[in-house]
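K.L.:
If you're matching them up, the sequences are chains Z and E in order. For the first sequence, position 8 matches number 8 in this note's numbering, and the numbering has no gaps at all. For the second sequence, position 51 matches number 51 in this note's numbering, and the numbering has no gaps at all.
Please note that the accuracy of each hint is not assured.
Identical chains blur together in the list; that is why a pair holds if it fits in one copy or across any two.
Okay, derived cross-link-like pairs now, DSS-like style, lysine-lysine, Cα gap no bigger than 30 Å in a straight line [to be verified]: (1) K197 - K156; (2) K144 - K26; (3) K196 - K21; (4) K148 - K13; (5) K201 - K111; (6) K148 - K26; (7) K197 - K16.
These are calculated hints, taken from the structure and not from any lab test. Predicted model, so just to flag it, every value in this text is computed and none were measured.
2 protein chains.
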Amino acid sequence: MKMNKYIIPHKGKVTKEDRQKLKGHKSVVLWFTGLSGSGKSTIAHALEEALYERKIHTYILDGDNVRTGLNKDLGFTPEDRKENIRRLGEVAKLFVDAGIIVMVAAISPYKSDRSFVRNLLEPGEFIEIYVKCPLEICESRDPKGLYKKARQGVIKNFTGIDAPYEEPENPEIVIESDKESVEEAVNKIIRYLEEKKIIPKEENKNA
Amino acid sequence: MKMNKYIIPHKGKVTKEDRQKLKGHKSVVLWFTGLSGSGKSTIAHALEEALYERKIHTYILDGDNVRTGLNKDLGFTPEDRKENIRRLGEVAKLFVDAGIIVMVAAISPYKSDRSFVRNLLEPGEFIEIYVKCPLEICESRDPKGLYKKARQGVIKNFTGIDAPYEEPENPEIVIESDKESVEEAVNKIIRYLEEKKIIPKEENKNA
């Protein structure tokens with residue numbers, strides 16, 4: 001902490017730009033929306049792995065860490081879904097401010113809720129990724145057995161069964177997860193991030 | 001994304017330890033508690049600046065970015081204060097999982113609320129910093145004019161005036177902000193982080 005007394009040491013608060021500079025890339029929200037079983041979390045985790053290899057600083061907000069913690073007081077009524085998305089959006093904004101590329105994997109079925117989050121952020125910081133997959137295929141995957149319970153009426157207000165999913169109109173990226181592999185999806189998102197100069201292009205590794 | 005097909009590429013999810021490794025240090029919560037005007041935010045911001053110079057990845061959660069966003073639906077009744085701290089704790093936990101040293105500057109007057117947050121985290125991850133300062137001095141500083149309004153009865157439930165502040169019993173660090181300078185406080189916290197091997201010791205810069 002020794003400082004030259006003729007140099008003003010106080011440059012002011014550390015900013016979002018400072019934190020991005022330390023990390024070597026910009027920070028954005030990658031918002032994965034789509035039906036349960038469409039592959040949002042799978043793609044997000046594979047993407048995180050690929051970005052980690054490139055020393056990109058990421059974090060994933062999804063049901064696993066948010067529904068069991070911050071949002072454990074919320075259910076699945078339209079009001080609670082709205083509050084769930086509001087809080088996810090506000091927390092994602094904090095992560096962007098911290099310089100992190102934050103991925104949110106949430107069904108987020110309502111356009112108005114996704115728009116709300118987009119408007120919380122600066123232009124270009126909210127990247128909506130629509131993980132598109134026909135309901136029949138999501139239902140046949142049924143990784144958590146939720147569709148079965150929804151059909152039996154054990155779970156109410158289940159998106160695609162007895163609650164609506166409003167498709168994005170102008171998402172930045174569309175992944176058709178019944179046609180594209182996880183690796184193809186990851187590559188598509190990485191190319192987008194490179195083109196928008198959010199992350200640096202990978203150096204040519206050929207020796 | 002080209003991979004040698006004889007090497008198993010899928011190492012599984014990126015973990016908290018992976019993210020810490022990328023950043024070059026461990027992640028913890030530095031929880032600043034104390035009266036309004038005690039200097040919590042000032043010390044946190046000065047500490048962030050000093051840590052940034054050492055390439056430590058930090059973020060600050062305080063009234064400026066949380067009360068106006070995530071927690072803008074909350075007031076200052078005991079119930080709302082409790083929920084305010086619960087959410088701050090849950091968000092701080094996410095930042096620790098992301099590999100960040102997260103500082104929370106919040107009056108957080110109730111022991112039970114601070115204990116709740118401590119119990120959300122792994123042992124050693126919650127570092128309680130009591131910014132201790134006599135009420136009369138905080139009140140004479142009154143940086144936001146809040147004590148004046150509380151004395152006039154314009155603000156109700158103001159900590160130290162008509163709402164209690166429960167002192168920490170075993171905080172990891174105590175800063176007596178009426179006796180120690182901001183620089184001394186910052187150095188004390190940095191020494192603690194070094195001793196606990198949360199951040200690396202600074203390399204000797206003598207040429």
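K.L.:
None of the hints should be skipped; say for each whether it holds.
P.N.:
Checked hints:
Taking the closest pair of Cα atoms, K197 and K156 never come within 30 Å of each other, the shortest separation being 43 Å inside a single copy and 49 Å across copies. Within a single copy, K144 and K26 get their C-alpha atoms no closer than 34 Å, and across copies no closer than 34 Å, so neither meets the 30 Å cut-off. Proximity of K196 to K21 under the C-alpha cut-off of 30 Å is found in both arrangements, the shortest distances being 16 Å within a copy and 27 Å between copies. Proximity of K148 and K13 under a CA criterion of 30 Å is satisfied inter-copy only: 27 Å between copies versus 52 Å inside one chain copy.
Taking identical chains as interchangeable, the C-alpha atoms of K201 and K111 are never at most 30 Å apart, the minima being 32 Å within one chain and 49 Å between chains. Taking CA atoms no more than 30 Å apart as the test, K148 paired with K26 passes in neither setting, with 41 Å inside one copy and 42 Å between copies. In this assembly of identical chains, the alpha carbons of K197 and K16 lie at most 30 Å apart whether taken from the same copy (17 Å) or from different copies (26 Å).
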